[in-house]
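Chemist: As given, the protein sequences belong to chains Z and H, one line each in that order.
By our numbering, the letter at position 107 of the first sequence is numbered 107, and the numbering carries on one by one without gaps.
By our numbering, the letter at position 13 of the second sequence is numbered 13, and the numbering carries on one by one without gaps.
Since the hints were made in silico from the structure, they are not lab data.
Since the model is a prediction, treat every value here as computed from it, not as a measurement.
Any given hint might turn out to be false.
Computed, partial: chain H to chain Z, Cβ under 10 angstroms [what the hints assert, rightly or not]:
#, residue
1, Leu6
2, Tyr10
3, Gly24
4, Gly53
5, Ala69
6, Gly80
7, Glu97
8, Arg127
9, Gly154
Straight line, CA to CA, 25 angstroms or less: simulated DSS-like cross-link-like pairs of lysine-lysine [what the hints assert, rightly or not]:
#, chain 1, residue 1, chain 2, residue 2
10, Z, Lys40, Z, Lys29
11, Z, Lys40, H, Lys84
12, H, Lys52, Z, Lys102
Derived, one-sided and incomplete: chain H residues facing chain Z with beta-carbon distance under 8 angstroms [what the hints assert, rightly or not]:
#, residue
13, Leu15
14, Val19
15, Leu30
16, Thr63
17, Pro64
18, Gly65
19, Cys68
20, Leu73
21, Asn125
22, Glu129
23, Val131
24, Asp132
25, Met149
26, Tyr151
Note that the Cβ used here is the ideal one computed from N, Cα and C, for glycine as well.
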Amino acid sequence: MIVVNTESLPGYEIIQSLGIVQGNVVRAKHMGRDIAASFKNIVGGELKGYTELLTEARRDASSRMIAQAEELGADAVMNVRFSTSAITQGAAELYVYGTAVKLAAIEADEPRPAVEGIPPPLPTSQEVPRG
Amino acid sequence: MSHLLLFLVYFVVPLLLLVIAFFGGNAIALNHNKRLEARQQLVDHIRITDLKGYIRPQPGRCTPGLFCAEITLGIDHFRGFLGKLKNILGGEVKSYEKTLDRARREAILQVMEQAHAAGMNAVTNLRLEFVDISGNANRAKKAAMVTIMAYGTGYCSEQDARDAITG
Chain Z
1 MIVVNTESLP GYEIIQSLGI VQGNVVRAKH MGRDIAASFK NIVGGELKGY TELLTEARRD
61 ASSRMIAQAE ELGADAVMNV RFSTSAITQG AAELYVYGTA VKLAAIEADE PRPAVEGIPP
121 PLPTSQEVPR G
Chain H
1 MSHLLLFLVY FVVPLLLLVI AFFGGNAIAL NHNKRLEARQ QLVDHIRITD LKGYIRPQPG
61 RCTPGLFCAE ITLGIDHFRG FLGKLKNILG GEVKSYEKTL DRARREAILQ VMEQAHAAGM
121 NAVTNLRLEF VDISGNANRA KKAAMVTIMA YGTGYCSEQD ARDAITG
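Just chain Z, with the same shape it has in the complex (with noise of 0.2 angstroms):
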């Protein structure tokens, strides 16, 4: 399954849009968790415990989304966007969308740079054979 956030795909051209696929998760931190950063928050730095808690969010919900896109039998989810909100005190949503597309490879026969660095001269109307 090919994620990625960008509307196009180079290599491929979309032939079917199967529509939105998502995957949401609401995730609370434990009390001890909750302590530990506060300590550590004297001092300031990475609170390794919250960041785990998103981490672990972000796949939950990532894998949800991917598992409708496959049921649906998509290729790729494409154009995914991320978002949160912070319902309660106690708890952080994460919800992950995209569409999902079936794919066809493009057979690409653009011409190569023959020098690094400089692009191929486009085709003129020179080149077109005549007659």
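Got chain Z sorted already, so can you dock chain H onto it with the hints?
Modeler: Relative to the frame of chain Z, chain H by itself:
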């Protein structure tokens, strides 16, 4: 006796905390900045943009993929205290700015490192988002912390991608 106790609780302990926070916080921030600088050198060749499209992609070389990173940084007690003081008069709160800046840098760097590890040399459509874990931004009493999430699409680009932007 009770006077001494009151003096300890209301004056010495908070002052001690502030001093510890000042030195500890400074050391941690300096250390982090140094590490960021060193890590930046390793991934400096990666072209990172927030454009929606791809610059000179090479579809055959690798399949684009999404990379995400998140980081939570605490604002230390001393800077939190300064911020609260500043809040009375209003104006620019520099200590918060620096922490936010550091968090963003770290998150972007992690995205770049992930792309680098996957053998890619460009990241496009980078998005940064501020995450409010459990409504901490609204909690007046708690010390502030910032959580930043960065995500972008890694892909393989031709070597002269930077030239392609400028023309």
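Chemist: For each hint, tell me whether it holds in the structure or not.
Modeler: Hint check:
| no. | hint | result |
| --- | --- | --- |
| 1 | Leu6 | violated (22 angstroms) |
| 2 | Tyr10 | violated (18 angstroms) |
| 3 | Gly24 | holds (3 angstroms) |
| 4 | Gly53 | holds (6 angstroms) |
| 5 | Ala69 | holds (9 angstroms) |
| 6 | Gly80 | holds (8 angstroms) |
| 7 | Glu97 | violated (14 angstroms) |
| 8 | Arg127 | holds (7 angstroms) |
| 9 | Gly154 | holds (9 angstroms) |
| 10 | Z/Lys40 - Z/Lys29 | holds (16 angstroms) |
| 11 | Z/Lys40 - H/Lys84 | holds (19 angstroms) |
| 12 | H/Lys52 - Z/Lys102 | holds (20 angstroms) |
| 13 | Leu15 | violated (13 angstroms) |
| 14 | Val19 | violated (11 angstroms) |
| 15 | Leu30 | violated (11 angstroms) |
| 16 | Thr63 | holds (6 angstroms) |
| 17 | Pro64 | holds (5 angstroms) |
| 18 | Gly65 | holds (6 angstroms) |
| 19 | Cys68 | holds (6 angstroms) |
| 20 | Leu73 | holds (6 angstroms) |
| 21 | Asn125 | holds (5 angstroms) |
| 22 | Glu129 | holds (6 angstroms) |
| 23 | Val131 | holds (5 angstroms) |
| 24 | Asp132 | holds (4 angstroms) |
| 25 | Met149 | holds (6 angstroms) |
| 26 | Tyr151 | holds (6 angstroms) |
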